[in-house]
Amino acid sequence: MAIAPASAHAFDNPELLPTQPTAIVDLAKILTPIQQDRLETELTTFEAKTGWKLRVLTQYDRTPGLAVKDFWQLDDRSVLLVADSRGGNILNFNVGDAVYRVLQRTFWVELQTRFGNQYFVRDNGEDQAILQSLAAIETCLERSGCRAVPGLPKEQWVLTLVTSIFGGLIFGFAARPRRSDQWISWKWALLFSPLWGMLFFAFGIGPVVIRTAEWLPLVRNIAGFTLGTMIGFLAPTPGQSSSSET
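For the record, in the sequence shown the residue sitting at position 95 is 95 according to UniProt numbering, with numbers rising by one throughout.
Don't take every hint at face value.
Stated by the list, open to error - Derived Cβ-Cβ restraints for the label pairs, each shown as a range: (1) ASP181 / GLU110: 44 to 54 Å; (2) ASP97 / LEU234: 52 to 62 Å; (3) ALA48 / LEU195: 27 to 37 Å; (4) PRO236 / ARG143: 46 to 56 Å; (5) ASP181 / THR139: 47 to 57 Å; (6) GLU110 / ALA48: 24 to 34 Å; (7) THR113 / ARG38: 22 to 32 Å; (8) GLN73 / LEU195: 49 to 59 Å; (9) ALA213 / ASP123: 16 to 26 Å; (10) LEU216 / PRO14: 47 to 57 Å.
It is worth saying that the hints were derived from the structure and are not from the lab.
Values in this document were obtained by computation on a predicted structure and should not be read as measured data.
Backbone N, C-alpha and C fix where the C-beta goes; we use that ideal spot for every residue, glycine too.
Whole structure, please, built from the sequences with the hints as guidance.
Next up, the structure:
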């Protein structure tokens, strides 16, 4: 089993496990009975449909530890989500080798930091951290892989918008004409293209495209780049203001 980013505690307490087969062991009582029944059906159906085995263990002061491996017969096509609120991040994932080849380490790190952090749990609850993480895993396994966790959180989109605007400012400033017979300075715009191109395409457009199919964030970032370009191109420089006053 490949582990990303952490595994369950190295104890072996099989007496904590139920006697009946189940895909969920909710020792910490995070999920409501309705959520647990619905999730049980969902995970069982998903396994029958795709062959990927997803299992959930919640724990607090006691843990079955290594006993879950035999209880669930975890193998290379298995993912064990462990929710434990005793740490700073409540989510850990035990990932089989076959799964790890489809969804690599960067996916699991982003998944853990997005849904397991204290701010997300505070605003949405521990149950949503589990449910939304599983939904993202199912989506990406059905797609045979994802470059990033699906979905674009608001704070991440704001960051892409800021980098798009900043990239536009650099492009607009670099493209300003340096001679009276110039309308635009393509030479300087191309010279600074690694900088504004990285800000706009790599940090402004890239994270949006790989995380969501929605067009609105993309349109807003392009509009932000355009606005930044206009400001950088048209805003007077201190030297120009002084010359005009003279």
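Going through the hints against the structure:
1. A beta carbon spacing of about 50 Å between ASP181 and GLU110 agrees with the range 44 to 54 Å that was offered as a hint.
2. Checked against the hint of 52 to 62 Å, the pair ASP97 and LEU234 passes, with Cβ atoms roughly 56 Å apart.
3. Look at ALA48 against LEU195: about 51 Å separates their beta carbons, and that is not inside 27 to 37 Å.
4. The given range of 46 to 56 Å is respected by PRO236 and ARG143, whose C-beta atoms sit roughly 50 Å from each other.
5. Separated by about 55 Å at the C-beta atoms, ASP181 and THR139 satisfy the suggested range of 47 to 57 Å.
6. For GLU110 and ALA48, the hinted distance range of 24 to 34 Å is satisfied, since their beta carbons lie about 28 Å from each other.
7. Distance hint for THR113 and ARG38: a CB-CB separation of about 26 Å, consistent with the stated range 22 to 32 Å.
8. Between GLN73 and LEU195 the CB atoms are about 53 Å apart, so this pair conforms to the stated range of 49 to 59 Å.
9. Distance hint for ALA213 and ASP123: a CB-CB separation of about 25 Å, consistent with the stated range 16 to 26 Å.
10. The hint said 47 to 57 Å for the Cβ distance between LEU216 and PRO14, and at roughly 50 Å that hint holds.
Checked against the numbered hints above, the structure breaks only hint 3 and satisfies the rest.
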